[in-house]
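J.: Work out the full structure: start from the sequences and follow the hints.
The chain contents come next:
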Amino acid sequence: MTILIDKTDRQETSKKQKYKKVAYYPGCALEGSAQPYDKSTRAVGKALGLELVEIKDWNCCGAMEVKNIDPEIQTYLSSRVLSDAQHKSKQDVVMAPCNGCYHNLKKAEYDLENKDKSRAVTEKISKKAGHETYKSGDVETIHALDWIKFGYGEDELKQKIKGGLKGLKVANYYGCMYTRPRHIFPEKDQGGDSESTSKPHYMDDLLAIAGAENVEFPLKTACCGGAHTLSDSDMSTKLVLNILEAAEAAGAEVIATECPTCHSGLEMHQIRALKRLSKDTNVKVVYFTQLLGMAMGLSPRKVGLHANISDSVGFMKQKGIA
Amino acid sequence: MAIHEKSLIRPENITTHDNLIIDGIDVSGDWSTFIRTRVVSDYNENLEEEIAAMPGAEYIHRCWQCGSCTNSCTVNAENPDFNPRYWIYLIRMGMEDELLRDKDIIWQCVSCNKCTSACPRDVEPEGVMKATAHWMELKGHTAPSNSTIFDDIFTEQVIKYGRIEDGEVLKDFMKKSGQPLLQDWIVQMVKQMIKGLPVMSLMKMGWATIFHPKTKNWAKARDAINEHIAEEHAAQKKALGLESAE
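So the protein lines, in turn, are chains Y and D.
Note that numbering that gives the first Met the number 0 gives residue 290 to position 291 of the first sequence, counting from 1, and the numbers run on in steps of one.
Note that numbering that gives the first Met the number 0 gives residue 203 to position 204 of the second sequence, counting from 1, and the numbers run on in steps of one.
Hints were generated in silico from the structure; no laboratory data involved.
Backbone N, C-alpha and C define an ideal beta-carbon position, used for all residues, glycine too.
Every clue listed holds true.
Partial pick of chain Y residues on the chain D-facing surface, computed with a CB cut under 8 Å:
1) 28
2) 30
3) 34
4) 65
5) 120
6) 124
7) 128
8) 175
9) 179
10) 180
11) 227
12) 237
13) 310
Which chain D residues face chain Y? A few, computed with CB under 10 Å, are given here:
14) 76
15) 77
16) 111
17) 161
18) 226
Over 10 Å on every C-beta distance to chain D, these chain Y residues come out as not near it, computed from the model:
19) 20
20) 156
21) 160
22) 162
23) 190
24) 214
T.: Structure representation (structure tokens):
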């Protein structure tokens with residue numbers, strides 16, 4: 000028993016050291032439609048003294064589309080990001096706040112470890128492109144949730160925040176790509192403080208520390224139809240409406256998000272549901288980093304709240320949060 | 000395991016007898032055709048092999064028909080006709096005609112990966128759905144779906160620049176899929192986006208539209224990627240006996 004506790008302690012300490020300074024992979028969405036997520040992630044990191052080294056000349060991870068044209072190209076694209084993090088940015092941890100990027104880097108890690116063809120194609124293209132071939136296991140990919148939870152530490156966060164989100168009812172929405180398929184996340188479902196793929200809780204943990212009242216939300220890992228948000232909009236509107244209505248039924252005032260595709264999907268189809276199906280929902284859609292930032296006393300502008308499509312500025316002021 | 004016999008109870012396969020008396024017993028009414036002798040002749044014995052040659056369907060042979068995929072499926076919950084378990088069965092049996100009845104909905108898989116997480120045999124049904132939709136387009140059974148049009152536009156941008164600019168993807172997609180850009184909900188969305196947006200963000204967005212985000216030193220990677228995709232697509236066509244179509 001003693002040995003077990005010692006081991007956990009050591010892991011926590013080493014994560015804290017490892018995550019203090021990490022390679023940052025914002026990805027295309029955070030450079031475009033999800034600028035508020037990028038802004039609030041950087042602001043929270045700064046406020047907590049966590050350092051981000053943005054990967055120089057990063058490329059798209061392949062998102063959800065490239066694999067349908069060719070899966071090995073998707074693996075190559077993600078492997079190039081990992082290679083750059085290691086060789087150009089000289090980091091052995093890369094942090095991606097976007098679920099899609101995070102998922103694809105994890106998927107590339109899995110494919111390079113387990114599939115001969117993925118290794119062969121990645122090596123072939125990396126050589127032709129003139130950069131180091133990424134080898135599985137060289138870099139650890141983490142999400143912004145891991146970065147804050149372990150890099151700063153929950154006890155420290157409690158001291159720092161002192162319940163800034165008190166009285167805010169939040170539905171934590173994790174989406175698909177953070178937990179599925181589970182075989183690409185070997186570190187999850189390992190008991191202890193590891194993340195769960197069926198009932199993820201890292202976002203709940205952080206926002207609870209910030210004082211939020213997390214509601215019992217059954218659709219935490221439901222799909223918003225993000226892959227077809229434009230190509231099959233009617234389906235996406237239905238799926239998003241399920242999520243919005245379930246959150247409201249659970250008593251939530253806010254849906255906290257951790258993925259730009261989910262976030263903009265919820266925002267877009269909340270409007271589309273009103274226009275096309277006359278279904279009006281009022282729950283606000285906010286990135287979890289925006290909530291954490293405001294809980295720490297950062298202004299709404301500092302966390303990009305005004306740039307969200309879902310307008311929550313007035314609401315946050317009324318709640319005394321912004 | 001007569002799962003495909005489901006076709007025999009479709010309305011068009013029901014026989015109605017208004018006045019049928021056998022051995023003095025009135026058995027009038029609707030009769031499904033299962034009691035008739037019949038021959039199934041539309042097997043394509045290469046169907047499983049052809050679809051398994053498309054990326055994503057490599058593990059279709061592992062399926063033991065437990066139905067975990069359909070049971071967990073996001074799209075199935077909205078449309079019961081969307082049935083991955085059934086389609087995998089038809090593909091493995093070679094029942095092409097029955098599979099083609101659903102050709103216009105298979106592309107609707109949203110890649111949520113619930114099926115792949117739930118599958119006890121690691122079939123990766125999400126990949127099978129993508130492979131099947133891809134096969135249908137290559138064989139000419141369906142026109143490129145909206146999903147394929149989107150994937151193509153997105154991938155083209157990634158290969159060309161190394162990165163995408165989401166405004167441009169949206170614009171190109173609406174144009175190529177024949178949808179008006181100025182739809183009520185998109186206009187409303189843009190209005191809400193611009194309202195309250197700091198000037199810096201607006202400038203950033205404008206800048207990205209004029210000067211497409213690019214990855215530096217990308218040209219060599221671009222050429223190598225294009226070369227690889229051309230090889231793979233030629234191999235796929237060959238697997239379907241379509242090489243002369245080029």
